[in-house]
Amino acid sequence: MNARTIRRAQQRRAAKEERKAARISAAEMKADPSNTPPPKAGSDGLETKSPGSGNVDETAIRRGPDAQLVTGITGSAILLPTDEAVAYSRLVSAANVKWQPVGEEEQGLVQSLVDTEWRLMHVPALEAGIYALGRLEFAQMFNHEPNQAIRRSLIEAHVFIVYQRQLNNLAIQESRLRRQHQKDSADLRRIQEDRQKAVSESEKKFGFEFASAPAVGNSLHAQASPAALPDVLARSVPRASVISEVTRVAPTLDNFGIASASAEDPQCSLLKQPVHSGQPKAYDAPGTVAF
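Add 28 to the 1-based position in the sequence shown for the working numbering, that's all there is to it.
Quick caveat, the hints were computed from the structure, so don't treat them as lab data.
Idealized CB from N, CA, C, for every residue including glycine.
You may find that some hints are simply not true.
[Claimed, not checked] Here are the computed lysine-lysine pairs in the BS3-like style, where the Cα-Cα straight-line distance is at most 27 Å:
1. K211 <-> K126
2. K225 <-> K211
3. K126 <-> K225
[Stated by the list, open to error] Quick list of simulated restraints, FRET-style, between CB atoms:
4. D215 <-> S181: 42 to 52 Å
5. H186 <-> S104: 16 to 26 Å
6. P174 <-> R36: 54 to 64 Å
All chains, full assembly: derive it from the sequences and hints.
Here it is, written out as structure tokens:
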């Protein structure tokens with residue numbers, strides 16, 4: 029027999045011994061009454077009815093008694109523990125009040141911000157959980173150290189050395205989440221600014237615009253001089269009507285001492301012009317006033 033045949037025979041013998049030991053162990057467990065599982069009450073091993081309470085929600089049984097569905101901004105539902113569902117709902121409400129998203133694009137970005145903040149909130153808890161797990165795992169180490177403070181520090185250092193990879197990955201993930209949060213915030217601000225700018229331009233286009241240019245001079249004559257009147261008004265006012273109106277109100281103006289002042293006012297030179305003085309202008313029409 030060569031070495032290869034001997035090695036295969038040893039492997040077959042070892043496998044046979046393992047199968048024999050497994051059968052013996054299974055028989056011992058079956059004979060022990062303490063290892064007998066409790067009878068099943070239903071097809072899934074869970075009670076579907078309780079006395080006096082009616083049917084139990086099978087969905088709630090499958091997901092556990094401490095789970096709750098929470099709806100996000102975009103309408104997507106996530107399953108969270110009951111104590112965390114309240115905190116997540118508050119985070120969603122605060123984000124809605126802060127950003128006030130309009131449209132699917134803004135709602136998607138706000139939902140991404142909420143999820144990122146939710147993950148960032150869990151990073152410290154995960155880190156503390158890793159150290160707590162390590163303290164339990166290495167609780168019996170460094171018993172030779174009488175000083176308990178030094179012993180705890182040694183255990184913490186040992187936990188960091190053993191779980192250094194997990195802790196580093198957690199720190200990297202936190203940095204990525206923060207960069208993603210900054211990017212989503214910048215994109216959301218840009219989209220909202222563009223939307224508000226478009227709304228302002230639309231209102232300016234279809235709304236009223238008030239003149240913002242300062243008035244020339246402080247006198248009423250300078251603000252309403254004939255030269256400032258548009259062409260269409262100059263062509264549409266009959267000159268004879270103006271002269272007849274001035275003639276009608278002249279006695280009243282004389283009583284208040286206004287006629288003399290108006291006659292000396294250069295702006296009132298219109299009253300001194302004859303009905304037909306000189307050659308009419310190109311745009312003059314018969315019987316109209318040309319300013």
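A quick look at each hint next to the structure:
For the proposed pair K211 and K126, the alpha carbon gap of about 17 Å is at most 27 Å, so the pair holds. Of the pairs offered as hints, the one joining K225 and K211 holds, with about 21 Å between alpha carbons and a cut-off of 27 Å not exceeded. Our distance criterion of 27 Å between C-alpha atoms is met by K126 and K225, whose separation comes to about 19 Å. Distance hint check for D215 and S181: the Cβ-Cβ separation is about 45 Å, which falls inside the suggested range of 42 to 52 Å.
For the pair H186 and S104, the beta carbons lie near 42 Å from each other, so the given range of 16 to 26 Å is not met. The supplied range of 54 to 64 Å is met by P174 and R36, whose beta-carbon atoms lie about 57 Å from each other.
The structure fails hint 5 only (numbered hints given earlier).
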